[in-house]
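Novice: Model the full structure from these sequences, guided by the hints.
The residues making up each chain are set out below.
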Amino acid sequence: MKSAVITFPGSNCDRDMHVALNKFGFKNQMVWHNDIELPKSDLVVLPGGFSYGDYLRCGSMASKSKIMQSVINFAKSGGLVMGICNGFQILVESGLVPGVLLRNKYLEFICKNVFVKIDNKNNPYFKNLDKEVFEFHIAHNEGNYFCTNDQLKEIEDNNQVAIYYCNDNGKTEEKFNPNGSLKNIAGIFNKEKNVLGMMPHPERMIDQSLSGEDGSLFFKNLINNIK
Amino acid sequence: MEVNEQIAVDHGLKKEEYKKICDLLKRVPNLTELGIFSAMWNEHCSYKSSRLHLKKLPTSGKKVIQGPGENAGVIDIEDGDAIVFKIESHNHPSFIEPYQGAATGVGGIMRDVFTMGARPIANLNSIHFGSSQHKKTKNLLRGVVHGIGGYGNCMGVPTIAGQTSFDSSYNGNILVNAMTLGLVKKNKIFYSKAAGLNKPVIYVGSKTGRDGIHGASMASASFDEKIEEKKPTVQVGDPFTEKLLLEACLELMAGDSIIAIQDMGAAGLTSSSIEMASKGNLGIELNLNKVPCRESKMTPYEIMLSESQERMLIVLENGKEELAKKIFDKWDLDFAIIGKTTNTKNIELYYDEKQVASIPINTLVENSPMYDRKWKKTKLPKKNLIKKEEFKKFKIKEVLNKILSNPNVCSKEWIWQQYDHTVMGDTIQKPGGDSGVVRVHGTDKAVAATVDSSAIYCWAHPLTGGKQVVCESWRNLISVGATPIAITNCLNFGSPEKEENMGEFVECVQGIGEACEYLKFPVVSGNVSFYNQTKEIGIKPTPSIGGVGLIKDYKQMITMDFKEINNLVLIIGKTEGHIDQSLFARNILDEKNGPPPEINLFNEKNNGETVLQLIKNNLVRSVHDVSIGGIITAVSKMCIKGNKGIEFNKPKYFMSEIEYLFSEDQGRYVIEIESKNLKKVESILDKNSVHFDELGKIIDKNMIINGKTKVTIDELKSYNTNWLTNYMN
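For the protein sequence lines, the chains are A and B, in the order given. Residue numbers for the first sequence follow my numbering, so the first one is 1 and each next one is one higher. Residue numbers for the second sequence follow my numbering, so the first one is 1001 and each next one is one higher.
Just so you know, these hints were derived from the structure itself, not from any lab. The model shown is predicted, which means the values in this text are computed figures rather than measured ones. Hints are supplied without guarantee of correctness; some may be wrong.
What the hints assert, rightly or not - Computed footprint of chain B on chain A; a stretch qualifies when at least three of its residues, placed anywhere within it, have a C-beta under 8 Å from a C-beta of chain B: (1) 14-22; (2) 49-62.
As the list claims (entries may be wrong) - If you only want the chain B side, here are some residues facing chain A, beta carbon under 10 Å, derived: (3) V1145; (4) P1158; (5) T1241; (6) E1322; (7) Q1417; (8) D1420; (9) H1421; (10) M1424; (11) G1425; (12) R1439; (13) K1552; (14) K1555; (15) N1729.
Just so it is clear, CB atoms sit at the ideal spot from N, CA and C, and this is done for glycine as well.
Specialist: Have a look at this one:
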């Protein structure tokens, strides 16, 4: 299986994602933001970091970079595109998934483990996972998901919420919401479910010496689903 | 403008220093030249008050590749790998403008590390604020934490450990010390020594602006009520540009184009160009019209003294200009050939085709002033005669609550949760432990790092305090299973022109030196920050020690959380009941006099090495060193982290419970072992003549003292975790 990770100026989780994808069997290739063509890939990842320093608005400048036109075309043709953290911000800025990501409610960067609940397994990312609640890691300043009421209705009608913040039992109450996200939303799909944007970093949880191993479950399952 | 003595004094130079400049040049300097002298001769750049004493520190050893004198120190971690590390202060700017001051402190130290070819893999910091009651403290703390996070997070370098303290002596002078570790291949280390004639001198990175002019001079003066006016001397950081600069430099460094490289830190273009030429015993010629400027009509004086951030100066091999330019173009960074190396041994500056300065480099460096300042010895204070009956009136549980919620002991999670501590995917021990630990990417090795200071002990008796803080660093490394290798030090003191403050400096340095020598724990880099002083009042002497150690197999790393019920808990090292200068004495008894706990270097080394031996033999499940707050504070943290309790044995000594539990005797560790291993552990401890006691046994959910006092884990947690969050919200 081939994957591609895009490096924007200021991306800083690109290497981590590269390591994770290779570890679980992808043949990953790094792609420079100024390139025009994507290499042939089964999965394209927009990694975390601070593309363009998060200046203007997180993800906004990266969403206009040269490679993004190919990424958008790839997504529109049904290709799998996953945006993590800053990658999620780039996805919303480029219009591939609905909504916006605001500054965290308490106006502070948060780096910690959180629990998330998978709402919908009818998609290539979560299909065949045998549990619903995962422990993932977040590290962001702008992860406060927001959208209009109309958008929310559409998102919910189409089962587009990918994951919700919750506790270890899967309860999605407001007190388990780390950043003020609307309805505890931590990740969103596009309508067709081939594009996934989420704030948590599964690539930081890929061995037992790190913050946990739920990221391993995610990647192992993902490559099996794509095969 | 004609230069005269008054202008020199306004630049922070002493009258006699100005006279020396005129004598060395055999003429009156022009304004640009005077600016250059003032930048090179201020305390921050010249170490004129400290050099004499710093020479006494041990700086070499089997593992030392590069000691002090370069951008950072370098140690060998085997297999061709090396760690580059250094700590640096950014105290003055952080008090004036906490966000930018702290942010650029972090940016500056990372640049020092990647200048040497190393990719930064971990950040640490030691930050000290005034009393929590002081009106400025909260805003300063918030600003500094946001600044450190803002820069480090954007760079994608994990912040893995740190230290935060509060003391009223920092009310008018906070301390912000930032430390970075980088990883490099031993044969790919870059230095700042220029070599060869007519080699192109390259400027890369951000453009030069008017920010930070005279920053280093500001950092070499005391504060007064006009300090707010100094805001324009604080630099403004741009971590995004620094990230690009990091990647571009490392890309260029992969080849063989660079002869010498130096970041533009304090005193900007002035010190970077002069240092490279000086080390190579060369001259340097710069055309200032070629320097990329952010603002129009900047004068040579401003260009030379700007402290704009994220800039580097490189001496390239001839013919490599195009290749280098291509890399910096790719990363959208400025690139300009601004001069060349010469054989004149002068720094010669040109602007609009006129020579605007010409100074022999040796006058700026070798002939810079060096002072043997007067200093006063601090006598060891007499022991307090605290009556033992006094202790009986205290209820252990109440005291424990006060100690665990003390601002200097309480959990600092509110702070480190704002730092990305997991990016790069190798952080195996997060903040909150004895040391932060990161794996050496792609290997079985890991590097541990800690930063410590003990201003109270240093204030009570600088010689003992200096030794203690090195030992504390050593202990923190051992407590995670790392073999200590070397330290970097950041020496924060008041005015060297005052005999008391100078005495504190001299004796702390002596103490640091003695401990480093004995423990074979050399100093490989560091920085001195004097004039942490507002009007007449200096801070408590605060040497911050950054220690680094190696864990050969990262799976042998140890954490402090209690692991299993029914395991035994031992205390390594002897408990003598030293209460003077303890948290208990100062905060519960309100007794501020007396000597700090004594340091016995033999025991320190022996106990530490023995604990390490136990860890390497897989006989230990958890370890935590005993520091402020004594045994019970150390054990409480192990309980909280492991979510388990302990039943204490009755101590066999003739001392009160308070003395036993809260005294701060040195060289001690709490360890958890499985009861089946007790014999083996005992035999190793006995063989090495290490004193130990059985402290108790791990139980579920409660701490039980003397069979009667019971504290639940939830109570311990609430004592320890709430103070800072409540304070900040």
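Novice: Hold the hint about K1552 (chain B) up to the distance rule: shortest CB distance to chain A must be less than 10 Å.
Specialist: Where the cut-off is 10 Å and the nearest Cβ of chain A is about 15 Å from K1552 (chain B), the hint is violated.
Novice: Given D1420 (chain B) as an interface hint, is its Cβ closer than 10 Å to any Cβ of chain A?
Specialist: holds (5 Å)
Novice: Go through the hint on M1424 (chain B) and say holds or violated, using the shortest Cβ distance to chain A against 10 Å.
Specialist: Hint on M1424 (chain B): holds, closest Cβ of chain A at ~6 Å, below 10 Å.
Novice: Is the interface hint for P1158 (chain B) satisfied, with its Cβ closer than 10 Å to some Cβ of chain A?
Specialist: Holds. Min distance 9 Å.
Novice: Would the hint on E1322 (chain B) stand, with a C-beta cut-off of 10 Å toward chain A?
Specialist: This hint is violated: E1322 (chain B) lies away from chain A, its Cβ roughly 19 Å from the closest one there, beyond 10 Å.
Novice: Was the hint right that T1241 (chain B) lines chain A, CB cutoff 10 Å?
Specialist: This interface hint holds because 8 Å falls under the 10 Å limit.
Novice: When the nearest CB of chain A is found for Q1417 (chain B), is that gap smaller than 10 Å?
Specialist: holds (6 Å)
Novice: Using the nearest Cβ pair, does N1729 (chain B) come within less than 10 Å of chain A?
Specialist: holds (8 Å)
Novice: Residue count check for the stretch 14-22 of chain A against chain B: does it reach three with CB-CB under 8 Å?
Specialist: holds (count 4)
Novice: Under the criterion of a CB-CB separation shorter than 10 Å, is R1439 (chain B) in contact with chain A as hinted?
Specialist: OK, holds: R1439 (chain B) within 10 Å of chain A, min 7 Å.
Novice: How about V1145 (chain B): closest beta carbon in chain A under 10 Å, or not?
Specialist: Since chain A brings a Cβ to about 9 Å from V1145 (chain B), closer than 10 Å, the hint holds.
Novice: Using 10 Å as the Cβ threshold, decide whether H1421 (chain B) counts as touching chain A.
Specialist: holds (6 Å)
Checked against the numbered hints above, the structure violates hints 6, 13; every other hint is satisfied.
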